[in-house]
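So the sequence lines, in the order shown, correspond to chains A and B.
Mapping to full-length UniProt numbering: the first sequence position 216 is 216, numbers consecutive.
Mapping to full-length UniProt numbering: the second sequence position 124 is 124, numbers consecutive.
What the hints contain is simulated information worked out from the structure, not anything from laboratory work.
There could be a bad hint or two in this list.
Repeated chains share a single entry, so a pair holds when one copy, or any two copies, can fit it.
[To be verified] Derived EDC-like pairs (lysine to aspartate or glutamate); straight-line CA-CA distance at most 16 Å:
hint, residue 1, residue 2
1, LYS276, GLU261
2, LYS244, GLU311
3, LYS41, ASP258
4, LYS129, GLU102
5, LYS213, ASP258
6, LYS213, ASP176
7, LYS330, ASP307
So you can see what is in the structure, the chains are spelled out below.
Protein chains: 2
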Amino acid sequence: MFDDLDVVITEVALRDGSHAVRHSFTEEQVRNVVGALDAAKVPYIEVSHGDGLGGSTLQYGMSKVDEFKLIQAAVETASYSKIAVLLLPGIGTVHELKRARELGASLVRVATHVTEADVSRQHIEEARKMGLTTFGFLMMAHMAPLDKLIEQAKLMESYGAEAVYMTDSAGTMLPDQVFERIAALKSELSIEVGFHAHNNLGLAMGNTLAAIKAGATRIDGSIRALGAGAGNTQTEVLVAALDKMGIKTGIDLYKIMDAAEDVVAPLLLTPQEITKDSLTMGYAGVYSSFRLHAQRAGEKYGIDPRDILIELGREKVVGGQEDMIIDVAKRMKQERG
Amino acid sequence: MFDDLDVVITEVALRDGSHAVRHSFTEEQVRNVVGALDAAKVPYIEVSHGDGLGGSTLQYGMSKVDEFKLIQAAVETASYSKIAVLLLPGIGTVHELKRARELGASLVRVATHVTEADVSRQHIEEARKMGLTTFGFLMMAHMAPLDKLIEQAKLMESYGAEAVYMTDSAGTMLPDQVFERIAALKSELSIEVGFHAHNNLGLAMGNTLAAIKAGATRIDGSIRALGAGAGNTQTEVLVAALDKMGIKTGIDLYKIMDAAEDVVAPLLLTPQEITKDSLTMGYAGVYSSFRLHAQRAGEKYGIDPRDILIELGREKVVGGQEDMIIDVAKRMKQERG
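Looking at chain A on its own, in the form it has when it is part of the complex (with noise of 0.2 Å):
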């Protein structure tokens, strides 16, 4: 499937960019966009929850509209695109992931940080019996040394994982970075290797552009940059970037163009611009779900905000431990007298 093809983009807007709009998109909108990017040949169009299937809770953000309609909506619109969907385990369950294959879903990413590959084994092994084409995705990548990153995504591989997708999730990598990452899992393992970007030190492109010299062939982009954070990289403007440098996308340039400016620019309900926030995640590295419990904590203990979450990446705190939180910054507070 698109082995004619350079490099082989996943539109991640409406999983990535369900965020964005407080998952609130509907099926008409599903519709309007998939059918858009599947007349400019996008070869892949996820559809999820933005924490993944079964991600529609009180924790992560209830969904407007059921997921499995949104992915029915999807595959009944495309003809050319193919309709994938993100799972991580722990958030949804094979259950789920076998109601999307039943939907007409193709293709599977199994999320997990970038430490933790080990919980992807079962829902890889039974993606691959469902016939689902089957990728690995290691959040947080940054956090984990070369070595480790190189020993995860082995293990994704070892499970049947058919390419492994190394995940910028907090837009803190620099080019250089990521060019030395890609190019190590590229001489390290015998499948594919994708990246995702965030743009929150505004380089998901040129974050992008490093991965593919280094031999990445799956890139994720987000049409108008509808993606958590500060966005993806753009699907339309790397596209663009691709053609005036010869790498074949199979995407039609003017139609992309034309769904990012009059199909999805309508979408957002902020600008894609890097704010305030966006960089101090970037800068930091932690997640996003860190800022408003530094906020209250920096208010209780009158420490500048950034200052907190600059320290819990520098500690690698992840996702689920929040309570650490307080703890950090009650402990900034004594230090500083």
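Let chain A serve as the given structure and place chain B on it in line with the hints.
Below, chain B alone, put in the same frame as chain A:
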């Protein structure tokens, strides 16, 4: 001056951003922005009409407030920062430069099209005589082959320029290309080399890091990306990225982030996203002034204006040759039968 810094940043929002606000800056806005930038210890702040001194004309757009009043307000407000002006020979004159100097401007950048450095001789020589720090600024640098670029930069050096900037006016260059060209300029010149980016292909930041890696030590940024087209390298984001890399700009990260969010963001008339228009300019590598002409010609001859702009880029049509746009459209129509 600023010898202890690794990279010396010039903030261009009050000059390049003049385009984005239709030359409507007021003295109060300039005082507020310069005050915030000065507090953050930004080395240079450029204040001029978007097209440089003397640009306030019917052709280039009338300034709401006389630029000399804005320069004066900037000089009066700054205590750490130095005030810079831009001069395009043919638009601005030595007379205007003298006036800016008398008001307290410290730096001038004398800007020409990349193949027309010879017209900068008188202005560079006179600026040096006035005691101004004097740099050359080669615009639309992608339009010249590398040897031509070097030749033109050497001309500016020979006239007395103390640094030369490569300017990616259309935001059309790619990181490898920027690296190659800056490295070549570094090795061929004995003065400092600078880089000025635009974000039309999402690469302002990626290209700027490539330029710094190749040896550029003078970099332009626009806070909150307040610049023409898709904006420039976003100053506060650049400061954050360079800080992560251990490259010293002397700028206070928190203060520049706060200035962007609290002082500059409210000035933007439209958000700095990469739109269909700005992407088209970056992809084609043409002047933004061509856009309306291409739209009209496209309607008249039934051709997608993007096809016309791409052809204009291919033929390296330059500013002032807008008359050719209708000829190009006509010929394309004939060729298509």
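Are any of the numbered hints broken by this structure? If so, which, sorted upward? 5
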